[in-house]
Amino acid sequence: MEVVDLEKILSRQEMLSISKPARYIGREWNMSMKKEEDVEISVALAFPDLYEIGMSHLGLKILYHILNSLPGVRAERVFAPWPDMGKMMKEKNIPLYSLESKIPLRSFDVVGMSLQHELNYTNVLYLLDLAGIPLWSEERGEEFPLILGGGPCAFNPEPVSSFFDVFLLGEGEEAIVEIVEVLKAMKSEKRDNVLSELSKIEGCYVPRFYSVSYHPDGKIKSISPGVVRKRWIKDLDSAPYPQKIIVPYLNIVHDRIPLEISRGCTRGCRFCQAGMIYRPHRERSPEKVIELAEKLVKSTGYEEVSLLSLSSTDYSAIEYLVRELSFRLKESKVNVSLPSLRMDAFSVGIAQSLQEVRRSGLTFAPEAGSERLRRVINKGLTDEDIFQTVGKTFSSGWREVKLYFMIGLPGEREEDIRGIANLVKEILSRGKKRGVHLGISAFIPKSHTPFQWAKEEEIESLEEKMAILHSLLRPLGHRVRYNWSDFEVNLIEGALSRGDRRISSVIERVYRKGGVMNNWREFFSLQRWQEAFEEEGLNLNFYTHREREREEIFPWEHLSSGVNKDFLWKEYQLSQEEKITPPCREGENCYNCGVC
Amino acid sequence: MDRFRYRVKHQKMAPFHFISQLDLSRLWSRAFRRAGLPVVYSQGFNPRPLLSFGPALPLGVESRAEYWDVSLSRELFPEELLNTLNGEVFPELKIEEVTPLPPSFPSINRSMKGIRYSYYFSPSLKERASSLTEEMEIEEEKRELIGEFLVVFFLFKKEKILYSPGEWAKILEKEWGEDPTRIVKEEVLW
Numbered sequence: 003m004e005v006v007d008l009e010k011i012l013s014r015q016e017m018l019s020i021s022k023p024a025r026y027i028g029r030e031w032n033m034s035m036k037k038e039e040d041v042e043i044s045v046a047l048a049f050p051d052l053y054e055i056g057m058s059h060l061g062l063k064i065l066y067h068i069l070n071s072l073p074g075v076r077a078e079r080v081f082a083p084w085p086d087m088g089k090m091m092k093e094k095n096i097p098l099y100s101l102e103s104k105i106p107l108r109s110f111d112v113v114g115m116s117l118q119h120e121l122n123y124t125n126v127l128y129l130l131d132l133a134g135i136p137l138w139s140e141e142r143g144e145e146f147p148l149i150l151g152g153g154p155c156a157f158n159p160e161p162v163s164s165f166f167d168v169f170l171l172g173e174g175e176e177a178i179v180e181i182v183e184v185l186k187a188m189k190s191e192k193r194d195n196v197l198s199e200l201s202k203i204e205g206c207y208v209p210r211f212y213s214v215s216y217h218p219d220g221k222i223k224s225i226s227p228g229v230v231r232k233r234w235i236k237d238l239d240s241a242p243y244p245q246k247i248i249v250p251y252l253n254i255v256h257d258r259i260p261l262e263i264s265r266g267c268t269r270g271c272r273f274c275q276a277g278m279i280y281r282p283h284r285e286r287s288p289e290k291v292i293e294l295a296e297k298l299v300k301s302t303g304y305e306e307v308s309l310l311s312l313s314s315t316d317y318s319a320i321e322y323l324v325r326e327l328s329f330r331l332k333e334s335k336v337n338v339s340l341p342s343l344r345m346d347a348f349s350v351g352i353a354q355s356l357q358e359v360r361r362s363g364l365t366f367a368p369e370a371g372s373e374r375l376r377r378v379i380n381k382g383l384t385d386e387d388i389f390q391t392v393g394k395t396f397s398s399g400w401r402e403v404k405l406y407f408m409i410g411l412p413g414e415r416e417e418d419i420r421g422i423a424n425l426v427k428e429i430l431s432r433g434k435k436r437g438v439h440l441g442i443s444a445f446i447p448k449s450h451t452p453f454q455w456a457k458e459e460e461i462e463s464l465e466e467k468m469a470i471l472h473s474l475l476r477p478l479g480h481r482v483r484y485n486w487s488d489f490e491v492n493l494i495e496g497a498l499s500r501g502d503r504r505i506s507s508v509i510e511r512v513y514r515k516g517g518v519m520n521n522w523r524e525f526f527s528l529q530r531w532q533e534a535f536e537e538e539g540l541n542l543n544f545y546t547h548r549e550r551e552r553e554e555i556f557p558w559e560h561l562s563s564g565v566n567k568d569f570l571w572k573e574y575q576l577s578q579e580e581k582i583t584p585p586c587r588e589g590e591n592c593y594n595c596g597v598c
Numbered sequence: 066m067d068r069f070r071y072r073v074k075h076q077k078m079a080p081f082h083f084i085s086q087l088d089l090s091r092l093w094s095r096a097f098r099r100a101g102l103p104v105v106y107s108q109g110f111n112p113r114p115l116l117s118f119g120p121a122l123p124l125g126v127e128s129r130a131e132y133w134d135v136s137l138s139r140e141l142f143p144e145e146l147l148n149t150l151n152g153e154v155f156p157e158l159k160i161e162e163v164t165p166l167p168p169s170f171p172s173i174n175r176s177m178k179g180i181r182y183s184y185y186f187s188p189s190l191k192e193r194a195s196s197l198t199e200e201m202e203i204e205e206e207k208r209e210l211i212g213e214f215l216v217v218f219f220l221f222k223k224e225k226i227l228y229s230p231g232e233w234a235k236i237l238e239k240e241w242g243e244d245p246t247r248i249v250k251e252e253v254l255w
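One line per chain: the protein sequences are D and G, in this order.
Start counting the first sequence at 3; every next residue gets the next number (the working numbering).
Start counting the second sequence at 66; every next residue gets the next number (the working numbering).
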């Protein structure tokens, strides 16, 4: 087996010329090393983003744990190198390799890639290219690994469907084991037979078995054959969860123990894809969470445990859990942190009971500037809710609140934009010497949400709205800090989010023009994307700035999150009537979305 | 509260020469927590084990002699501390020595007199290098060639830093047209 020994290939000086060489050396605590003779099947978990980002991802840790605990299976990690290293690897002919055994990516049996963000699509090609693997699924011979995709973007993977052999829809804990079993049993069989067997596993989508036809106006006429339904885990307590996770040397984005306390969300915000595709809401019991926390602290030595969920204060035993966990971890000086706070006084109270809290500010997401628009998006907060929450945040000792807003929401009016500034003004008047930090981003309609029919707002119009905000926020002085997203980047994210198969060639063109790490502003170029769309004879606006009709067949029509289209359409209608749909709970308030 | 001070000597060999001083301090802090050792933590909202390091080792330089001091709240046999910590790190970071210190013993930076580094070059350089070293006339440094690498003594003199290992590498590279393949911190002179 070929092994890539970076230090033999690159001189000391060359290694030092690369930014953060520690990204490429591996050898972290708790990584899994299987003996060559024990390996029947090898899986590379290749994350199409930087080490610091991929290493922060919970799904990767879970799959790594599950796969390596299977006998005969070796799972190793691969991340996208920063462009300086990518260039060095090309120049020196260094193939992309795994961090554990330093084996070239192309010699693995399977490459699994998690698609977390549309802007990483060109990085998929970057990884394949650096590995010496042909980019298009059709061009890959039997000697190349099977390329498997997953993650939230697998719910509309059409733009990258030409590069992958299989996608897994939904949660991977059970399905990955079934997939590996099939691959083990069919190791010497032809790729097409293997794919056909894989397509029988629930949640597995093999794009090459599907055909798509189009109307003359570019809309989809039909997708066949049938529908693939996502996988989801019924009981989180019995689902596998790592008791050991790899401890990196570099300070990664989320450098702490991630403890998932629940999956799914009951709130039903109409813009939120996670709130739809991760349904239904499920909780891990506090006993299980505490047991895992104690084991993980022992095995990693981490100084912080973070309780993960889409809305942590919606967890039914949150008070008990936080109290008990803080108590048990106090002696070993381990902090408990709680992201994703709901905007109410209860949440502030919980946050206050944590030791780590005093650091900086608390973060909330009102999302829209007026009560009316918050009803449109089903974020049922009143202005008074916001003032009370922020008031309690300030009186509990925090100096700053961070608030997230979106602009360009469906049905948004100028008064809603002014509403953001009015909220800020009122907050400042209630909290002397306190500050507000605003994060403003452009709304992007996502597949599988009630807003999947909506048009994405044009850049010019978003800029006009920002101009209004500038004129209202700047006079408020230094107590208000704010930043906003890059609308050009948002535009492309939107096109890819609701894109179809024809976009694969666009993505390849952008990659060939040098487009990697497109989620980093310094490497993003709108012109590159515009050119690529034009060269492929595709209209960018068709994918972004176009309101869809009810009957339109979406590129993801054959991929089901379990939530049915009628429910989503009804929610879209309710949003136009500015009507709220209260949170769902099993047994009560069921809206028949179709998941349970 | 009682405090028991120890001076710990450990290695930092490849590939760990590519992790920074800050990364290293986090690494030890986590190793202490895994080992469940009775280390004294700093105060504040993000308590960390109180480790005091010597001069930071530059990125890309290996070491057979890294040092830090630590305080424990309970007395341990030095071997116990050594063995427990070695169970929590890779052999390239192996702890070589643990010495108990009296409470008022001077810090690493105050007690050290110098550092000895080795610069490794390719064997082909050996002939050319020996003549060049004579011409360099850097008074305080002793130089000698052992096998295929050059050893440079005393990059520190008393408490004044004469050359950092990186600067030395640049001087040598300028003279010989070749960059050292490895730089290893061999020992600290007390």
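Among the hints, erroneous ones may be present.
[Said to hold, decoys possible] Subject to a maximum C-alpha distance of 20 Å in a straight line, what follows is the list of computed EDC-like cross-link-like pairs (lysine to aspartate or glutamate):
1) D:Lys-335 / G:Asp-244
2) D:Lys-300 / G:Glu-153
3) D:Lys-189 / D:Glu-39
4) G:Lys-74 / G:Glu-252
5) D:Lys-104 / D:Glu-199
6) D:Lys-10 / G:Asp-244
7) G:Lys-159 / D:Glu-16
8) D:Lys-22 / G:Glu-252
9) D:Lys-37 / D:Asp-7
10) G:Lys-239 / D:Glu-16
[What the hints assert, rightly or not] Computed footprint of chain G on chain D, listed as stretches where at least three residues anywhere in the stretch have a Cβ under 8 Å from a Cβ of chain G:
11) 12-19
12) 246-254
13) 327-340
14) 499-510
It is worth saying that the hints were derived from the structure and are not from the lab.
We put the beta carbon where it would ideally sit given N, CA and C, even for glycine.
Going down the list of hints, with the structure as the test:
1. D:Lys-335 / G:Asp-244: violated, 45 Å
2. D:Lys-300 / G:Glu-153: holds, 11 Å
3. D:Lys-189 / D:Glu-39: This hinted pair holds, its Cα atoms lying about 16 Å apart.
4. G:Lys-74 / G:Glu-252: holds, 10 Å
5. D:Lys-104 / D:Glu-199: Distance ~31 Å between Lys-104 of chain D and Glu-199 of chain D Cα, so the pair is violated.
6. D:Lys-10 / G:Asp-244: holds, 15 Å
7. G:Lys-159 / D:Glu-16: violated, 27 Å
8. D:Lys-22 / G:Glu-252: violated, 26 Å
9. D:Lys-37 / D:Asp-7: holds, 18 Å
10. G:Lys-239 / D:Glu-16: holds, 17 Å
11. 12-19: Check passed, 5 qualifying residues.
12. 246-254: holds (count 4)
13. 327-340: holds (count 4)
14. 499-510: Three-residue rule not met by the stretch 499-510 of chain D, so violated; n is 0.
When the structure is compared with the earlier hints, violations turn up for hints 1, 5, 7, 8, 14 and for no others.
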